[in-house]
Amino acid sequence: MAHLLEGKNLYKTYREKAKVTQALSDVSFYLDRGEILGIVGESGSGKSTLLKAIAGMLKLDQGSVLYNGKDFTGMTPRQTGAFLQMIFQDANSSFDPRRVMKKSIMESGRGKKDEGRILELVSLVGLEEDLLSRKPSSLSGGQCQRMAIARAFYSDADILLCDEMTSALDVTTQAQVVELLQDLKKDGRLSAVFVSHDIALVSMLCDRIMVMKDGTCVEEGDTLTVIKHPCVDYTKELLESARRQSIQEISE
Amino acid sequence: MAERLLDIKDLWVAYEEIEAVKGACLYVEKGEVLCIVGESGSGKSTLIRAITGSSMITVKGSILLEGEDLVPMKKRERQKLLGTKIGLIQQNPAGAFNPIRTFDKQFRETLKSHDILFDNEKLDQLFVTLGLKDTQGILKSRPYEMSGGMNQRIAIAAAMLMDPELLLCDEITSALDVTTAIAVTDELLRLKNEKGTTIILVTHNLGIAANIADKIAIMSKGEVIEFGSADQVLYDPQREYTRNLLRDVPKLIEK
Amino acid sequence: MKKKKRAKIKIVIIAALVLLLLFCAVFAGVLAPHDPSTPNAAAIRMAPCAEYPLGTDNLGRCVLSRVLFGGRTTIAATFLLVLISFVVGTLIGIFSGYYGGLLDKFLMRLADVFLAFPQMVVAIAVAGILNGGLMGAMVALGITMWVSFARLARSHTASLKNEAYIQAAAFAGKSDLNILLVHIFPNLLTPVLTQALTQIGTTMIGLSGLSFLGLGVVPPTPEWGAMIAEARAYIQIAPWAIMGPAAAVIVTIVLFNYLGDAVMDYREV
Amino acid sequence: MIGKILKKLASLIVILIILSFLVFGLMDLAPGDPAERKLSEQGIAISREVLEAERAKMGLDKPFFVRYGEWFSGIIRGDFGDSYKDDMPVGPKLAAGLKNTLILTVSSLLAALVIAFPLSVISAFRKNGIIDHIVRVLSFIGNSLPNFLISILLMYFLCIKLNLFPIIAKGTVEGLLLPVLSLSIPMAGRFIRQMRAEILDQLKEDYVSGMQGRGVKQGFIVMNVLWNSLGHIFTIIALQIGSLMGGSVVIETIFRWPGIGKLVMDSITARDYPVILGFVIILGVIYVVINQLSDILHHVLDPRTTL
Numbered sequence: 008m009a010h011l012l013e014g015k016n017l018y019k020t021y022r023e024k025a026k027v028t029q030a031l032s033d034v035s036f037y038l039d040r041g042e043i044l045g046i047v048g049e050s051g052s053g054k055s056t057l058l059k060a061i062a063g064m065l066k067l068d069q070g071s072v073l074y075n076g077k078d079f080t081g082m083t084p085r086q087t088g089a090f091l092q093m094i095f096q097d098a099n100s101s102f103d104p105r106r107v108m109k110k111s112i113m114e115s116g117r118g119k120k121d122e123g124r125i126l127e128l129v130s131l132v133g134l135e136e137d138l139l140s141r142k143p144s145s146l147s148g149g150q151c152q153r154m155a156i157a158r159a160f161y162s163d164a165d166i167l168l169c170d171e172m173t174s175a176l177d178v179t180t181q182a183q184v185v186e187l188l189q190d191l192k193k194d195g196r197l198s199a200v201f202v203s204h205d206i207a208l209v210s211m212l213c214d215r216i217m218v219m220k221d222g223t224c225v226e227e228g229d230t231l232t233v234i235k236h237p238c239v240d241y242t243k244e245l246l247e248s249a250r251r252q253s254i255q256e257i258s259e
Numbered sequence: 067m068a069e070r071l072l073d074i075k076d077l078w079v080a081y082e083e084i085e086a087v088k089g090a091c092l093y094v095e096k097g098e099v100l101c102i103v104g105e106s107g108s109g110k111s112t113l114i115r116a117i118t119g120s121s122m123i124t125v126k127g128s129i130l131l132e133g134e135d136l137v138p139m140k141k142r143e144r145q146k147l148l149g150t151k152i153g154l155i156q157q158n159p160a161g162a163f164n165p166i167r168t169f170d171k172q173f174r175e176t177l178k179s180h181d182i183l184f185d186n187e188k189l190d191q192l193f194v195t196l197g198l199k200d201t202q203g204i205l206k207s208r209p210y211e212m213s214g215g216m217n218q219r220i221a222i223a224a225a226m227l228m229d230p231e232l233l234l235c236d237e238i239t240s241a242l243d244v245t246t247a248i249a250v251t252d253e254l255l256r257l258k259n260e261k262g263t264t265i266i267l268v269t270h271n272l273g274i275a276a277n278i279a280d281k282i283a284i285m286s287k288g289e290v291i292e293f294g295s296a297d298q299v300l301y302d303p304q305r306e307y308t309r310n311l312l313r314d315v316p317k318l319i320e321k
Numbered sequence: 010m011k012k013k014k015r016a017k018i019k020i021v022i023i024a025a026l027v028l029l030l031l032f033c034a035v036f037a038g039v040l041a042p043h044d045p046s047t048p049n050a051a052a053i054r055m056a057p058c059a060e061y062p063l064g065t066d067n068l069g070r071c072v073l074s075r076v077l078f079g080g081r082t083t084i085a086a087t088f089l090l091v092l093i094s095f096v097v098g099t100l101i102g103i104f105s106g107y108y109g110g111l112l113d114k115f116l117m118r119l120a121d122v123f124l125a126f127p128q129m130v131v132a133i134a135v136a137g138i139l140n141g142g143l144m145g146a147m148v149a150l151g152i153t154m155w156v157s158f159a160r161l162a163r164s165h166t167a168s169l170k171n172e173a174y175i176q177a178a179a180f181a182g183k184s185d186l187n188i189l190l191v192h193i194f195p196n197l198l199t200p201v202l203t204q205a206l207t208q209i210g211t212t213m214i215g216l217s218g219l220s221f222l223g224l225g226v227v228p229p230t231p232e233w234g235a236m237i238a239e240a241r242a243y244i245q246i247a248p249w250a251i252m253g254p255a256a257a258v259i260v261t262i263v264l265f266n267y268l269g270d271a272v273m274d275y276r277e278v
Numbered sequence: 166m167i168g169k170i171l172k173k174l175a176s177l178i179v180i181l182i183i184l185s186f187l188v189f190g191l192m193d194l195a196p197g198d199p200a201e202r203k204l205s206e207q208g209i210a211i212s213r214e215v216l217e218a219e220r221a222k223m224g225l226d227k228p229f230f231v232r233y234g235e236w237f238s239g240i241i242r243g244d245f246g247d248s249y250k251d252d253m254p255v256g257p258k259l260a261a262g263l264k265n266t267l268i269l270t271v272s273s274l275l276a277a278l279v280i281a282f283p284l285s286v287i288s289a290f291r292k293n294g295i296i297d298h299i300v301r302v303l304s305f306i307g308n309s310l311p312n313f314l315i316s317i318l319l320m321y322f323l324c325i326k327l328n329l330f331p332i333i334a335k336g337t338v339e340g341l342l343l344p345v346l347s348l349s350i351p352m353a354g355r356f357i358r359q360m361r362a363e364i365l366d367q368l369k370e371d372y373v374s375g376m377q378g379r380g381v382k383q384g385f386i387v388m389n390v391l392w393n394s395l396g397h398i399f400t401i402i403a404l405q406i407g408s409l410m411g412g413s414v415v416i417e418t419i420f421r422w423p424g425i426g427k428l429v430m431d432s433i434t435a436r437d438y439p440v441i442l443g444f445v446i447i448l449g450v451i452y453v454v455i456n457q458l459s460d461i462l463h464h465v466l467d468p469r470t471t472l
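Residue numbers (my numbering), protein chains in the order written: chain D, 8 to 259; chain L, 67 to 321; chain R, 10 to 278; chain Z, 166 to 472.
Hints in this document: simulated from the structure, not taken from any laboratory. Beta carbons are placed, not taken as given, at the ideal position from N, Cα and C, and that holds for glycine. Treat the hints with care, since some could be wrong.
[Said to hold, decoys possible] Across the chosen pairs, the derived CB separations fall in these ranges:
hint, chain 1, residue 1, chain 2, residue 2, range
1, Z, M388, R, F88, 40 to 48 Å
2, R, L119, Z, D251, 35 to 43 Å
3, D, V27, Z, K227, 49 to 57 Å
4, R, A51, Z, D431, 53 to 61 Å
5, L, D181, Z, V387, 34 to 42 Å
[To be verified] Quick list of in silico lysine to aspartate or glutamate cross-link-like pairs, EDC-like style, CA-CA up to 20 Å:
hint, chain 1, residue 1, chain 2, residue 2
6, Z, K292, R, D274
7, R, K13, L, D297
8, R, K12, R, E277
9, D, K193, D, D177
Start from the sequences, fold in the hints, and give me the full structure.
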């Protein structure tokens with residue numbers, strides 16, 4: 008049975024005046040339904056480029072992307088938006104500052120106007136109804152990010168592409184949003200690609216991990232196997248830095 | 067009881083009408099690393115600004131640097147302390163220097179402001195301790211030509227130029243990658259061990275604090291929620307807020 | 010918050026004064042004590058008195074009435090010109106900022122050419138050659154004015170285009186046109202409108218300058234620049250004939266510039 | 166770097182070609198037939214043959230592109246064609262006028278800079294001080310006054326009321342003062358507003374607090390801030406030169422200063438198009454060159470700006 012989402016030998020280079028940067032070289036991945044694929048790497052590793060390439064926000068030089076086995080390479084966000092949605096790092100600016108939240112969520116329904124469904128989703132992501140009639144500026148980062156999830160679900164998208172979605176949040180809010188994602192995954196309602204620079208966070212949330220460096224995937228596999236038995240030095244270095252900053256579980 | 071290099075007593079700091087720091091009490095002993103941990107808006111950076119002095123804030127209470135109170139000090143007197151007694155490093159790695167003028171000119175300006183002769187030999191030695199090779203090459207280049215990690219190391223060199231006893235670091239790792247951040251904190255540790263520099267590091271990242279701090283102060287909404295030795299705060303926190311913070315920090319799942 | 014309130018009050022006061030000014034211009038017919046254009050041989054160059062509050066000019070016409078009617082011409086022409094340049098410039102700027110590529114390059118090169126000319130030099134040449142009176146002057150100033158709106162709209166659109174909520178709208182399947190109208194245009198309005206406000210003052214200076222040179226409004230139609238030019242010859246005998254329109258020009262431009270500043274301060278606070 | 170400058174020069178030439186084409190095309194839009202006007206001006210009876218001969222002499226019968234080609238190739242050689250009024254070559258007239266205009270505009274520019282630069286520095290570094298408020302009010306008023314109005318007010322108060330200066334400039338130094346004042350006051354107003362804003366922007370940059378954190382003396386900080394603002398200040402000056410040129414036409418007419426502006430105003434009344442076209446081309450070229458120079462200077466000062 009074909010994977011829910013798959014990428015085969017993806018290539019992308021940026022030409023900026025004289026400088027040519029190899030953003031993606033021969034990257035492949037797959038995602039199955041109900042699974043969260045974590046992509047971890049430092050800035051410039053190409054993890055965001057990969058996500059944008061999948062979403063159709065930038066054109067690939069080479070390689071193909073498939074949804075349920077069907078090739079959708081070259082589609083623009085207008086078309087890919089039918090089955091996948093992007094969640095951005097800066098939650099507040101992912102909503103039009105002049106419109107109330109309800110209108111922005113309604114907009115992603117592709118013509119569908121289902122008030123009840125919106126209320127249901129807002130409570131699913133743990134928010135109060137009255138927030139719907141407010142503008143993004145009066146919501147916190149955490150609240151906006153939950154609204155973004157509600158909006159993605161309202162568009163009946165199968166896949167969420169999360170680009171450093173919790174990096175701008177404070178630690179406590181980040182923990183709450185991660186908990187929400189874990190609950191959604193448990194109910195089988197969530198299949199997502201989760202990009203982050205924080206390997207500890209990815210280890211808590213994702214079933215499989217891809218470690219990226221300078222545009223290539225240096226290591227890939229089940230989360231626990233990669234963390235317990237890293238084969239590539241770079242992964243070891245990432246894990247060592249994470250351990251140097253880790254806080255042991257304190258006895259309750 | 068080791069001698070307190072910096073002692074902050076009942077400090078209140080406000081921007082026009084907004085109270086940013088409410089009655090903060092904390093201190094750091096000579097040769098120690100104090101980490102001030104808090105979310106954005108907790109007042110931690112305002113505390114640093116109160117120490118270095120700024121026209122944008124009104125300060126009440128006292129900040130004793132080796133017994134001398136900085137709060138009533140006039141701008142001119144405080145300016146003499148900055149650079150010589152207190153070194154400052156900011157979050158934006160490229161923010162320490164004028165991006166379009168050479169490091170050499172700017173290092174000379176800093177030294178000339180304190181009537182200190184430019185000593186190439188001493189600078190070279192300082193660069194080496196901070197893991198910076200090719201001192202002359204760096205001095206001739208301009209900040210906009212350098213990476214974030216490099217700029218931050220040169221900013222540390224600039225702060226350590228005149229051997230200050232106290233080094234204030236305001237979120238110096240948050241603009242850097244994880245691996246570079248750890249490397250920069252290692253360099254701070256080397257400064258503490260080799261030169262006995264006292265360091266105050268402000269960060270939102272509890273992990274960085276756990277890795278480097280002797281003392282930790284947790285701040286939230288302008289108040290110092292908890293203040294004690296690193297072990298005491300990390301393993302036996304008294305306050306609910308600290309316990310939640312420790313619970314919510316992402317942990318590497320290894321089993 | 011105090012600063013925000015104070016800035017808002019400043020805007021309200023000045024806006025009221027501007028409305029008062031517009032009121033005088035629009036209702037010049039009612040307010041003017043005399044007919045602005047009929048000469049009156051008996052009252053040539055009379056000093057300000059009860060009957061002629063601002064005195065009379067070389068042909069015995071009431072200066073106050075001419076100033077009021079002149080205001081109507083200048084302000085109407087300025088508003089019309091700024092409005093047209095605003096609409097044309099902003100539309101071009103939005104499309105070239107949003108679509109980029111060849112269209113953007115072509116338009117911006119065109120803008121470079123128009124900006125290569127000093128505005129007044131073009132205005133004088135065009136008004137001089139076309140010799141089309143007020144319309145000629147408006148065309149002359151309009152040629153280069155739309156460019157400043159186009160450039161501002163283009164830079165704002167280019168930055169707005171990368172905002173997350175625009176991408177989100179694309180993912181929601183919205184068409185380019187819908188995104189432009191629903192998301193980009195409303196968020197673009199305030200900066201471009203502020204620019205329009207500041208443009209009014211400069212346009213008035215331009216228009217009255219051209220009329221002063223005889224390249225805009227041609228006598229006897231009342232217009233401040235032309236009136237000042239006419240009255241210049243006998244400034245020693247009847248200075249009030251110049252001071253009337255001069256005061257009107259200064260007050261109007263100062264008011265509009267101050268309104269522009271107040272709006273900018275409000276947005277910065 | 167040289168490559169970039171050559172690219173800049175190429176775009177400069179392209180702009181000038183388009184510029185001249187538009188301006189020449191403008192002439193064709195003009196109402197009335199220049200030949201007919203010239204004959205009637207010189208009092209010659211107009212009959213069909215005389216008119217045809219005159220049109221041929223002036224080359225008006227050739228197709229538009231040919232005339233443009235001849236005119237453009239002439240300009241490159243510095244020959245601006247002959248005046249419609251008196252058949253004399255236009256070049257020397259424009260050159261003489263340009264010399265006087267340059268005297269007027271350069272001295273006005275310097276006067277404006279001497280007033281504006283120090284004041285904008287002081288009011289930026291002493292933000293919201295007394296000087297700052299005074300300077301802001303003065304520059305606001307200066308910026309709101311058309312220069313033809315300032316010249317008349319100055320003339321009225323200084324010449325008539327206090328009769329310190331002659332009303333007619335006649336090219337003398339003493340006569341230069343009023344025109345220069347009329348041009349430099351509004352320009353100083355605009356300079357102060359823009360330069361002050363630019364310096365304040367620089368003061369908000371991180372490096373200023375970085376330097377203060379190292380106890381760097383205020384003198385060095387001021388120097389660094391000014392050095393970084395210099396690039397933008399050149400751009401501000403270059404853009405203002407455009408309105409300076411426009412203003413000089415008005416002021417030369419008022420004070421009868423024998424510059425290119427006055428020449429063009431006389432030729433407008435006489436419908437003498439070659440002079441008008443020459444005027445626009447010369448000032449257009451000067452303006453474009455100055456702006457390109459300021460871009461290059463800005464790039465030299467701050468290599469991060471794209472050329």
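To see whether the hints hold, each was checked on the structure:
1. Z:M388 - R:F88: 40 to 48 Å: With Cβ atoms ~46 Å apart, the hint holds.
2. R:L119 - Z:D251: 35 to 43 Å: Since the Cβ atoms of R:L119 and Z:D251 sit about 37 Å apart, the hinted range of 35 to 43 Å holds.
3. D:V27 - Z:K227: 49 to 57 Å: 52 Å, holds
4. R:A51 - Z:D431: 53 to 61 Å: For R:A51 and Z:D431 the Cβ distance comes to about 37 Å; the hint is violated.
5. L:D181 - Z:V387: 34 to 42 Å: Since L:D181 and Z:V387 have Cβ atoms about 19 Å apart, the given range 34 to 42 Å is violated.
6. Z:K292 - R:D274: 15 Å, holds
7. R:K13 - L:D297: Measuring from Cα to Cα gives roughly 47 Å; hence the hint is violated.
8. R:K12 - R:E277: Measuring from Cα to Cα gives roughly 10 Å; hence the hint holds.
9. D:K193 - D:D177: With Cα atoms ~24 Å apart, D:K193 and D:D177 exceed 20 Å; violated.
Hint compliance for this structure: hints 4, 5, 7, 9 are broken, all remaining hints hold.
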